[in-house]
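Starting from the known structure of chain A, fit chain B onto it as the hints suggest.
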Amino acid sequence: MAQSELAQFQERFDYLTERPSSDHLAVNCPPEKLVEFTTALRDDFGYDMLIDVTAVDWDAQSPRFTGIYHLLSTTKHEYLRIAVACPDDIHPSLPSLTSVFAAANWHERETYDLMGIHYAGHPNLRRILMWDAYPYHPLRKDFPLAGIEVPLPAADVAEATQAKVIAAPMMGGPFVSSGDGTMDQTEPRARDESWTEERERPNDRAEKSESSTDLAR
Amino acid sequence: MQNTNLAYDSKVEGEIIVTQADAVINWIRKHSVWPMPMGLACCAIELMAAGGSRFDISRFGMEVMRFSPRQADCMIVAGTVTYKMAEVVRRIYEQMAEPKWVVAMGACASTGGMYRSYATMQGVDRIIPVDVYVSGCPPRPEALLDAMIKLQDKIGRESSLKNLTARKRQPAKQAALAGAVNES
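Sequence order for the protein chains is A and B. Heads up: the first sequence begins at 1 in our numbering, then just goes up one per residue. Heads up: the second sequence begins at 1001 in our numbering, then just goes up one per residue.
What the hints contain is simulated information worked out from the structure, not anything from laboratory work. Keep in mind that the hints are not guaranteed to be accurate.
Taking lysine to any residue and the SDA-like style, the derived pairs with C-alpha atoms no more than 20 Å apart in a straight line are [stated by the list, open to error]:
no., chain 1, residue 1, chain 2, residue 2
1, A, K76, A, K33
2, B, K1084, A, F101
3, B, K1084, A, A102
4, A, K164, B, K1084
5, B, K1084, A, I128
6, A, K164, B, S1058
7, A, K76, A, D23
8, A, K164, B, Y1093
9, B, K1084, A, R126
10, A, K33, A, R126
11, A, K164, B, W1034
12, B, K1084, A, A158
13, A, K164, B, R1091
14, B, K1084, A, L25
15, B, K1084, A, I148
16, B, K1150, B, E1015
17, A, K164, B, K1150
18, B, K1084, A, P153
One chain only, chain A, in its complex shape (with noise of 0.2 Å):
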């Protein structure tokens, strides 16, 4: 079924090819063709529904950016995913979708506020959970767990009492695994992030004992 349907997509669309997948079709679309494709999809094959928009960060690759697309055949009952290649690294950018499938607006927002992919084409591409003047991008792959200090959205209330926003102390948190010994020992990707309110960071720690010596001096 899966296999005739791709040979059905390429014999139509010869720019796909197939993507390795352990459940659904998957296939890699050229971004330059992505409008056209979901339209045939949308209009002849009975892809008529839009699950899911996201991104994957491929961190040291290039290309770095991958959008992903799962597409719904309510007639068909079959998924299908579509692969689609940022071709910039530094200013990712793909065509938007809400021409084809309106579902794709509020979607894509999502995946610009949190993976930092531009939608060409996007009537309002706006942040969507994070506040409009955030600096950064939370998902990609450089982006510390933690998060990275930056003032509170309001500037009066941050005034008023001191707050800002603050890399949160991952110890003890429940998105790492505790495993045996301290976690900046079982997990290296969180050695920066192993501090508590007793415990230092290791960075704040080293910097630390760099002023003191200056000041020995």
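Coordinates of chain B only, in the frame set by chain A:
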């Protein structure tokens, strides 16, 4: 005949009760707490349960939940305070008339709870002064009732008259809050 009536006798002493102003003010205040449900996450469901007939918060004289900050004097922060929502929480707190109290209900409102993340404020006490913290994720309604009774006890110990005349309660609290945040 010997007088065995040991209680206050208005026929003898007149319609007068002698007491302290603080005792009267606090007695009035603590038995008419009007909570403002700041429901932000699943703790709000337990807050609703506490207001329902099974747990019945009205047994303790604090059942008049008001959704307008102008008509409430106790904010129950029930749920996860995100940084985006923190501004709203603070503004609603500022809109409440004095005297006012805050209950941080549940782990998230108290400390950020399990959300050690870039999006979640690590305890609502960073932006508003909290009187009572309730542990639990979410706390059972009984825990909230216990917290509210503890808040009543706390209201009963306040120097209300001094605060009324000095009118310094709010700045003092804010200064203490700012100091606490700076130290951490």
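How the hints compare with the structure:
With a CA separation close to 24 Å, the supplied pair K76 of chain A and K33 of chain A exceeds the 20 Å bound. Distance check on the hinted pair: K1084 of chain B and F101 of chain A sit about 29 Å apart at the alpha-carbon level, beyond 20 Å; violated. Distance restraint check for K1084 of chain B and A102 of chain A: the Cα-Cα separation of roughly 26 Å exceeds the 20 Å cut-off, and the hinted pair is therefore not satisfied. Of the supplied pair hints, the one linking K164 of chain A and K1084 of chain B holds, its CA atoms being roughly 12 Å apart against a limit of 20 Å.
For the hint pairing K1084 of chain B with I128 of chain A, the CA-to-CA distance comes to about 11 Å; that is within 20 Å, so the pair holds. About 38 Å separates the Cα atoms of K164 of chain A and S1058 of chain B, which puts this hinted pair outside 20 Å; it is violated. In summary, the hint linking K76 of chain A to D23 of chain A is supported, as the alpha carbons are separated by about 16 Å, within the 20 Å threshold. Distance restraint check for K164 of chain A and Y1093 of chain B: the Cα-Cα separation of roughly 18 Å lies within the 20 Å cut-off, and the hinted pair is therefore satisfied.
Pair hint K1084 of chain B plus R126 of chain A holds up; C-alpha atoms about 15 Å apart against a cutoff of 20 Å. A distance of roughly 24 Å separates the Cα atoms of K33 of chain A and R126 of chain A; the hinted pair therefore is violated under the 20 Å criterion. Proximity of K164 of chain A to W1034 of chain B is assessed by CA-CA distance (about 31 Å); at most 20 Å being required, the pair is judged violated. Of the supplied pair hints, the one linking K1084 of chain B and A158 of chain A holds, its CA atoms being roughly 12 Å apart against a limit of 20 Å.
With a C-alpha separation of about 16 Å, the suggested pairing of K164 of chain A with R1091 of chain B holds against the 20 Å cut-off. Between K1084 of chain B and L25 of chain A, the direct Cα distance comes to roughly 39 Å. Violation of the 20 Å bound is thereby established for this hinted pair. Using a Cα cut-off of 20 Å, the hinted pair K1084 of chain B and I148 of chain A holds, with the two alpha carbons roughly 15 Å apart. With a CA separation close to 33 Å, the supplied pair K1150 of chain B and E1015 of chain B exceeds the 20 Å bound.
Our distance criterion of 20 Å between C-alpha atoms is broken by K164 of chain A and K1150 of chain B, whose separation comes to about 30 Å. Between the alpha carbons of K1084 of chain B and P153 of chain A the distance comes to roughly 7 Å, so the proposed pair stays at or under 20 Å and holds.
The structure fails to meet hints 1, 2, 3, 6, 10, 11, 14, 16, 17 from the earlier list, while all remaining hints are met.
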